[in-house]
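Chemist: The primary structure of each chain is shown beneath.
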Amino acid sequence: MSLAVASRSCRRLTLSTRLCTGFVLLVAVSCVYAAVEQELQFIFNTFSFLVWGALVMWMCAGFTMLESGSVRTKNASVICLKNIGLYSIAGLMYYLVGYNLMYTDVSGWVGTFTLTYGPSAQELALLSGDETAKAAVVENGYSVMSDWFFQMVFVATTASIISGAMAERVKLWSFLLFTAVLAGFIYPIVGAWTWGGGWLSERGFQDFAGSTIVHSTGGWAALAGVLIAGPRLGKFRPDGSVKATPPSNVPIVTLGVFILWLGWFGFNGGSQLALGGAADAVAMSNVLVNTNLAAAAGVIAALSVSRPLLGRVDLLAGLNGAIGGLVSITAGPDIVTHSWSIVIGLVGGVMVVAGMKLLENLKVDDVVGAIPAHLFAGIWGTLAVCIAAGGNLLVQLTGILAVGAYVFVVALALWYVIEKTIGVRVSTAVEEVGQDSAELGIESYPEFVLMPDTDDVEMLSNK
Amino acid sequence: MSLAVASRSCRRLTLSTRLCTGFVLLVAVSCVYAAVEQELQFIFNTFSFLVWGALVMWMCAGFTMLESGSVRTKNASVICLKNIGLYSIAGLMYYLVGYNLMYTDVSGWVGTFTLTYGPSAQELALLSGDETAKAAVVENGYSVMSDWFFQMVFVATTASIISGAMAERVKLWSFLLFTAVLAGFIYPIVGAWTWGGGWLSERGFQDFAGSTIVHSTGGWAALAGVLIAGPRLGKFRPDGSVKATPPSNVPIVTLGVFILWLGWFGFNGGSQLALGGAADAVAMSNVLVNTNLAAAAGVIAALSVSRPLLGRVDLLAGLNGAIGGLVSITAGPDIVTHSWSIVIGLVGGVMVVAGMKLLENLKVDDVVGAIPAHLFAGIWGTLAVCIAAGGNLLVQLTGILAVGAYVFVVALALWYVIEKTIGVRVSTAVEEVGQDSAELGIESYPEFVLMPDTDDVEMLSNK
Amino acid sequence: MSLAVASRSCRRLTLSTRLCTGFVLLVAVSCVYAAVEQELQFIFNTFSFLVWGALVMWMCAGFTMLESGSVRTKNASVICLKNIGLYSIAGLMYYLVGYNLMYTDVSGWVGTFTLTYGPSAQELALLSGDETAKAAVVENGYSVMSDWFFQMVFVATTASIISGAMAERVKLWSFLLFTAVLAGFIYPIVGAWTWGGGWLSERGFQDFAGSTIVHSTGGWAALAGVLIAGPRLGKFRPDGSVKATPPSNVPIVTLGVFILWLGWFGFNGGSQLALGGAADAVAMSNVLVNTNLAAAAGVIAALSVSRPLLGRVDLLAGLNGAIGGLVSITAGPDIVTHSWSIVIGLVGGVMVVAGMKLLENLKVDDVVGAIPAHLFAGIWGTLAVCIAAGGNLLVQLTGILAVGAYVFVVALALWYVIEKTIGVRVSTAVEEVGQDSAELGIESYPEFVLMPDTDDVEMLSNK
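Chains as they are written, first to last, in our numbering: chain R, 1 to 463; chain P, 1001 to 1463; chain F, 2001 to 2463.
Hints were generated in silico from the structure; no laboratory data involved.
Backbone N, C-alpha and C fix where the C-beta goes; we use that ideal spot for every residue, glycine too.
It is possible that part of the hints are untrue.
Cβ-Cβ distance ranges computed for the label pairs, FRET-style [as the list claims (entries may be wrong)]:
no., chain 1, residue 1, chain 2, residue 2, range
1, F, Ala2135, P, Thr1132, 52 to 58 Å
2, F, Thr2104, P, Pro1452, 41 to 47 Å
3, R, Ser120, F, Leu2227, 47 to 53 Å
4, P, Thr1132, R, Gly311, 41 to 47 Å
5, F, Arg2307, P, Pro1452, 42 to 48 Å
6, R, Leu362, F, Glu2432, 51 to 57 Å
7, F, Gly2311, R, Glu202, 51 to 57 Å
8, R, Leu227, F, Leu2362, 21 to 27 Å
9, P, Ala1354, F, Val2430, 24 to 30 Å
10, P, Thr1132, R, Gly204, 25 to 31 Å
11, P, Ala1136, R, Gly204, 27 to 33 Å
Some chain P residues judged to face chain F by a derived CB distance under 8 Å, without partners named [to be verified]:
no., residue
12, Thr1073
13, Thr1112
14, Val1250
15, Thr1254
16, Leu1293
17, Leu1303
18, Val1364
19, Ala1429
20, Val1430
21, Val1433
22, Val1449
Make a model of the complete structure from these sequences and hints.
Modeler: Set out below in structure tokens:
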């Protein structure tokens, strides 16, 4: 049932030392398929990290479009600033402390607290022209900073999730402060437990590209945030009804989802972490196909259930269904069959729509449906590895619960501290006028004539 | 005149069996340029499929932006849904039946009707750790599913073309139903005749990346669709005049064309199907350059003729000219010289503008000019291979006519059946209020104050 | 302090002839790290050019979104046309004459004036099936046209810079004419001095991916243009105050900057020009990381100083700060350390905001802040190579001044000639009504109700 017997639980690639191709050939001429020479593997692995990593960076643009099109026009610019700000801060924090906490000498729970990260001494020697350093460089399997680059772009994804859920009321600076801590400390510690080789990795926790490690982490932090911040003004009316807050710019929401879909090929494909042999190339191909099938299934499922659950064929449900499918497959795109990918994506798509409905019923205000798409689908995806590919259910549950408890509690505490100091939420006046003009002094679409808030209109018409 | 003596008429790469590099070296030490080792070729070929295929998927976002910016705001969301829906459905259908019909054991006219497609047994064995399977895996030249991925993204392009031509009046579900049949059956059969190695391929039909196979197929299906559906309400007035229906959001139309242009590097570049040797790398480079030159020439030509033909320097003509140039070069970017590419693109650009004018005169309502850009330019590109690179005119004509007759007739029949059952076209009431609110219950730009329909204004002012 | 002892001052890659891997192995079996076989290097180098080059082409979409969102809605379409037009014209001109002037037999100051460029005779022979040509093909290190493709996309960047600075008043055809000369002659001559191996290259001028050669060239030409054209009507009021002209569509401006950021990975990463060995792969990784860190630092710095300098936390400053950081690092991303990249980006970000303020005080109307972002940051970046990596200050200054003097004077003369013939600037009537309706006969957002010009409103309210 599974495409491969075992998924790497640790994200750092360890290449087994191989003999030189040529040497093998001299000894055993008939050995037609000697391993690919190490330096070639090094180039392939490195280039894979860079190309796919660039596509993952592109996902930040996807989140930005999705979110700024989803919020009301009065908050669209501040969403843009939050997203380019979070990407910048996340990258800098991950350079300063995050990567080392996640990957450097991880002893079960966390790596080392060391400032900054950089190329190895051997790499610097090689760049200076010392060819004798090449052996040690190549032994590493990939360029040190290509790995850093690929890991870094994942951090930003986690933060982007929060931005969408808490849109339209969280203060710009409070959000960016949270982002800095998340990228520098919260996420790297989750990473150390798992991809860094820590205790969850040792137990065999499987999460290929981060259904739990990236997406649920973002989802838990977002859930903590929306609970502390509370819903937007007027979202849940005193009479129990829910105010509709439709996307203000549907085409760019759609564009955002296409960007995410494209970027996910890098997110999951690059997470193979290697391209130095036929097996890696085959695996990477299967990963891309599974990623695409799950996303497609998520769209179809979400559209199909949107009519019974939401009362209409809902484009936004369909778009979020794509994300739900993508998040669901992310834990095991290397080990499930293509047909299972479709099933996993279908369930993910349904969960997103049902989750959006559930949160609304619980009066939890998640502006873009990020919690269903990233947290609920992330949990499902991490469990689906067991169903579809024989993962260890107990270990997967342990991982889900441990990461969930840790991230949710720490995020809740951090949001609470922020609330008690600089405040999580903008004032009522700012929220009414919009964060764009209040916090940034601009409008997103200054020349366009906009309607007054629909709720005001409704209230007027009720009089 | 031609860069290469022969273009592959069959899209499936067959690697000639090569001796192991090392073995050759032992026997003939002076053989400096032994062939690249098979496993390396395998990695290069596979990675080329994946990277370029990802860019082709991105074209779906391009069509979405182009189309949703081209239609009136009241139909922009339903275009978004159609496009993400068609990409999802096309991918699933191609997985379920399409690929097998197109490529598996094609006997002249069609492959096998077998459900689902997947990695080879040897690939699964290799992924399970059986290194002895590597020889058979590598012998295939590329990972099975990387090829599937690359072929799959082409299907969606075909469907996207139809979406644009029939915008603003075709029912959501009727369109998606047509898409499913197109991706599962109509397109794969065209593909079986040609890239699958069927009868047209055996006659030497040349269509490198699908001027006819992809673009004209979409164009013929679109033409059948618009003939059955008829023009939009009020597009052609009783007095013979044509109502202008300008794009509602020009910047995203432009963005869409840039996305398509970028994606076309994958579309044509990846269609080299191989990157395992210097000749393939050279060919791929020439392909990208020709693709870019033809597109650039298409822009310039379309802009130049837009003033005499359309009465003004027309941005939309220029943008469509890029697509015309791209479609034109797609049949032979590997075998024409760079200067011929410019000529081919220039003609393609002119044809698009002239074609838009022609369709308008014929009272055929093609919302985005998809039929001129994909069908007319596709025919021209398929013939241009003869002029510029000595292709066989009779064979090319046979291919154009056979594909055209088959697709047009089948599409016409299918649209007719849909019309007689669930209906192709939305009701007059839905068309007037817009598909977004009628079919989806949303507005694309709900906060923006929009003008009443210009035609109503005109009618009022005529009173 | 520096990652490598020397940066290539000449952009054409010269591969040292290497013995065949296999031969080396026979002679010296213990040589585990023989060089990568030439044909493999050829494939890697070529594919790197193509993939990264495609991302650089994508930057043109970034400039288009940035600019069309930054201008008032009445000029957004003409910006789209200028950008797709300039990309087309630049590519054609670079094919016709530009590349040869820049790279063919450069004798100190300029290459040869020869029409068109194309694959080598050996490449054509190889494509025709002549395997004996492979040795000579592979000796070149990369496919001839892959290099052309990568160089071509850089030309368009230079022209895009000018489009933004001179927006909202330069005539469409005057701008496109300037673009043709820039791409065909002005830029290639700068390129010949430097990357082409001319006099500045011989002196050791270091500009890895073009802080001076691309970005300052564009910036100088833009400065000349805005001086000849003058500010937009009403931008600087008689009372000395400055009319705010906020972006009309903030989300697409943000999208544009994300596109540029992504594209810059290709711009700088591809400028390593090679991927044929471990050292190149390591260098490319460092380049991408430095590029990203400098951009992130530019965002943070620009946001931080925007409040004191501009009076508010300014999203546009932050977005332009990203570009400032990116331009700053472009001269030496291969030789500065990661921490220095952050410093370089921080300074670049500050300079952009300060530069925007300075130009405003000088009554120079640069619509999108292109001159601070590309010229000022470009100068800084070229000098920063000395500070951070021991470049030769005198040589760097020579390059900056020589390029600046040449480009500025020639551009000034050319704009002057254009002004005296067809005119640089649209008429007052056209400027007031907007170039979209006056020059193209369309509106960018025809269905949206737009506000009257804010200045008119202000003037009215002052009455």
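Chemist: Which numbered conditions among the earlier hints are violated in the structure presented, ordered from lowest to highest?
Modeler: Violated hints (numbers, rising): 1, 2, 4, 8, 13, 18, 19, 20 and 21; every other hint is consistent with the structure.
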